[in-house]
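Chemist: Here is how the chains run, residue by residue.
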Amino acid sequence: MPVSADSSRLVYEGLKGCGVRLLSVLPETWLVHLVSLAEADPEMTLVRLAKEEEGVGVSVGAHLAGVRSAMLMQNHGLLASVNGIVSLAQLYRVPLLMLVSYRGGFGEEHPWQTEGGGVTEEVLRALRIPYLALERAGEAAARLRQAQTLAEASLRPVALLLCRDMMWEE
Amino acid sequence: MLRLEAMRAIYPLLAERIVVTNMGAAPAELFSLGHQPGFFYVWHSMGLASSVALGISLARPELAVVALDGDGSVLMNLGTFTTIARHRPPNLLHVVFDNEVLLSVGRSFSTATATGSDLAAIAAAAGIPRTATCHSPEALADACREALAAAEPAVLVAKVEPVGPASYFIDLHLLENRFQFERHLRGLRGGRQEIRRSQEGGGVKEGGTP
Numbered sequence: 001m002p003v004s005a006d007s008s009r010l011v012y013e014g015l016k017g018c019g020v021r022l023l024s025v026l027p028e029t030w031l032v033h034l035v036s037l038a039e040a041d042p043e044m045t046l047v048r049l050a051k052e053e054e055g056v057g058v059s060v061g062a063h064l065a066g067v068r069s070a071m072l073m074q075n076h077g078l079l080a081s082v083n084g085i086v087s088l089a090q091l092y093r094v095p096l097l098m099l100v101s102y103r104g105g106f107g108e109e110h111p112w113q114t115e116g117g118g119v120t121e122e123v124l125r126a127l128r129i130p131y132l133a134l135e136r137a138g139e140a141a142a143r144l145r146q147a148q149t150l151a152e153a154s155l156r157p158v159a160l161l162l163c164r165d166m167m168w169e170e
Numbered sequence: 001m002l003r004l005e006a007m008r009a010i011y012p013l014l015a016e017r018i019v020v021t022n023m024g025a026a027p028a029e030l031f032s033l034g035h036q037p038g039f040f041y042v043w044h045s046m047g048l049a050s051s052v053a054l055g056i057s058l059a060r061p062e063l064a065v066v067a068l069d070g071d072g073s074v075l076m077n078l079g080t081f082t083t084i085a086r087h088r089p090p091n092l093l094h095v096v097f098d099n100e101v102l103l104s105v106g107r108s109f110s111t112a113t114a115t116g117s118d119l120a121a122i123a124a125a126a127g128i129p130r131t132a133t134c135h136s137p138e139a140l141a142d143a144c145r146e147a148l149a150a151a152e153p154a155v156l157v158a159k160v161e162p163v164g165p166a167s168y169f170i171d172l173h174l175l176e177n178r179f180q181f182e183r184h185l186r187g188l189r190g191g192r193q194e195i196r197r198s199q200e201g202g203g204v205k206e207g208g209t210p
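If you read the protein sequences in the order shown, they are chains A and B. Letter 72 of the first sequence, counting from 1, is numbered 72 in my numbering, and no numbers are missing. Letter 75 of the second sequence, counting from 1, is numbered 75 in my numbering, and no numbers are missing.
Worth flagging that the hints you see were computed from the coordinates, not collected in a lab. Ideal Cβ positions, reconstructed from N, Cα and C, are used throughout, including at glycine. Each hint should be verified, as a subset may be incorrect.
To be verified - To spell it out: a stretch of chain B is covered by chain A in this simulated footprint if at least three of its residues, at any positions, have a beta carbon under 8 Å from a beta carbon of chain A; those stretches are: (1) 37 to 50; (2) 83 to 94; (3) 170 to 179.
Chain A on its own, in the form it takes in the complex (with noise of 0.2 Å):
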């Protein structure tokens, strides 16, 4: 399977270096090796979702409880999440990280991940979200620290995007 394991690891080992420690969430191709990686590390809380939007209340939940945790999704999930995300984590002022594998850009070869990759921005944009494209595994842990910080000053979602060039191995 051509999904970056090296640049997984990276990614992971940013979120373990932030203090993350409860993961919601939803697999899918691009995720496949950090979810394995979550799975079998004992100090990670791995929620496994239905659907992306339960990980906003998860998220907000251990947010209020004292917990640092992150969200891993598509970004169809961030798609399917908005509404959680409105109305919960921005109206209720909660700090949430979350790691959105970019599909539907260049290079993608699946019809049905095209027409999210093309609003994905967008929609981040309008919904007021900072939020950065990850394309290179080694700047990971810096991006994710500096995720993590922007969104605990504001209190407020950040995101960072999961690119085709860091995460797929052609």
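Following the hints, put chain B in place on chain A, whose structure we already have.
Modeler: Just chain B now, with coordinates in the frame of chain A:
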């Protein structure tokens, strides 16, 4: 039964626990019985009250967490039963007040529970180990007491009349509630180690002002 009667019957069980409500009548009636620092009211984002409660119960296994929900809300997030069932938090009780309507919209639009959808049966089929449907305040209080004593998650459905409070207003801004609640949960940990998010995590180090 009236939801308010049901709420009054279980209030002594709620007062000392962590409670997360959905929006509408449940928070207004709970608030009218007496706000506690462990009560968190999730206005809007229908369906996510139980997800917030799940996050708290997984993050803090030592706390007893109760989600107070409604049929309209839980029908928007039926997957929550499957997620709770697969993680089986022993400290989570999910109470659903089922009045078979979307009451707070002003006119009583029926929900699917009015036409036979059985939330307790759905929860049981999702894998929730302890479920029941209660038709009296006493039965609900007994079921809550037993569920709180058991080391497994539970879903209790309380069938209530479609009657709400005169006003849904509560004199507690949602952000005031949110910060008080977070502080309360931090205090329950009993230590100072948790005073870290804004100071340490946010980049403000001890002794320095950026």
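Chemist: Which numbered hints does this structure break?
Modeler: none
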